[in-house]
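2 protein chains.
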Amino acid sequence: MRIAVLGTGSVGRAIAARTAELGHRVTIGTRDVATTRAGDHAAWMARHPEVGLATLPEAASAAELVVNATNGSASLPALTAAGAANLSGKVLLDIANPLDFGAGFPPSLTVHNTDSLAERIQREFPQAKVVKSLNTLTAELMVRPRQLADGEHTVFVSGDDAEAKRIVTGLLVSFGHTDVIDLGDLSTARGVEMVLPLWLRLYGRLDTATFNIKVVR
Amino acid sequence: MRIAVLGTGSVGRAIAARTAELGHRVTIGTRDVATTRAGDHAAWMARHPEVGLATLPEAASAAELVVNATNGSASLPALTAAGAANLSGKVLLDIANPLDFGAGFPPSLTVHNTDSLAERIQREFPQAKVVKSLNTLTAELMVRPRQLADGEHTVFVSGDDAEAKRIVTGLLVSFGHTDVIDLGDLSTARGVEMVLPLWLRLYGRLDTATFNIKVVR
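Protein chains in written order, with the working numbering: chain V, 145 to 361; chain C, 145 to 361.
Think of the hints as simulated: they come from the structure by calculation, not from any bench. Treat the hints with care, as some may be off.
No distinction is drawn between identical chains; accordingly, a pair holds when it is met within one copy or between any pair of copies.
To be verified - Dumping the calculated SDA-like pairs for lysine to any residue here, alpha-carbon to alpha-carbon at most 25 angstroms:
| hint | residue 1 | residue 2 |
| --- | --- | --- |
| 1 | K358 | E296 |
| 2 | K358 | T180 |
| 3 | K358 | S252 |
| 4 | K234 | A161 |
The shape of chain V in the complex, shown without the other chains:
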């Protein structure tokens, strides 16, 4: 698949490197290519020559699947810069969390309870097929789940388009996930985004980000 990963943070890098390793053609999209090339992303790029770098609209337009790996507060502007036409008809895997660090750590959520970032993105880009997933675990576990308890833990998918969820689920399984629960329509993204307050407290308490929740049933 041709995959565009929007965002150069730890999540974007993990997804880009892993999908490229699995044989996909991957381009990271960034707001300003020259600035990204000149910044601390340069060393990562040197280690990952198989991953391309392009502007947000260039990356999105060439892709079949677009990954939103931007910060939650930057997601709507970044996707707007990528261009609605370049997202139209495509699977848009949204991993972002709408965290508000305005009052320090732990952050609260800017969207919650009766709405979610994923639904906002879907409303703003109605032609995209938004699937929320992977936002409930740390970047390295997203793409290499078997490093923890041999993958015996759970990830979720939420979305209105069954085929888009099927494609994302296939990607998750290729990463090594063994327990992917389809929660239902995109409004179920409220539930997984609202896991973050618990996740953040566990992160503080367990002194590691290498943990995940398993739905035992």
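Dock chain C against the given chain V, drawing on the hints supplied.
Chain C only, in chain V's frame:
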């Protein structure tokens, strides 16, 4: 221990029956004893003669540990009826979820993100030692966790008083819980209350309430 369980719903009944079975002296507190005796609670009482029934203030005043097993929307009025003086200095185990069914199923939360029901209760009753716990799983699993995966799943405690958390943790372990995570101060109750939107969707999806989350680490 002398335990007062406020609330005659499935959570109150499960906690009352199990703690009585474990040898505690247990009284259920209800707003109107005569109405409760005459209603559908009568059959349950006949099966559990070891559990007393009293008014909210009577039950609370006689107890060392008070359990808030009321509906989240009724919790503050019920605790007010129980009386601040009767809660003073006592462990107040809060299991309630602040669910808002105003827009049907699934409910949203009336308190969330930068506050929690547990913190509201603590502010309203500053002399009580509020501990949030058990709100993330169904009533029967709260008190008999070993019936699912031999207890291989997680419960949380949140609270400002270390001794109160120790007492509640002891009670949880006596129920059969093997993995009790102390999340920290009472503001961490936001995290566990905000698990409910995910819980409710999983409940719809898995077609059973007999599930729980395990923090795999």
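Status of each hint after checking the structure:
no.	hint	verdict
1	K358 / E296	both (7 angstroms within a copy, 10 angstroms between copies)
2	K358 / T180	neither (37 angstroms within a copy, 39 angstroms between copies)
3	K358 / S252	both (23 angstroms within a copy, 23 angstroms between copies)
4	K234 / A161	within (21 angstroms within a copy, 54 angstroms between copies)
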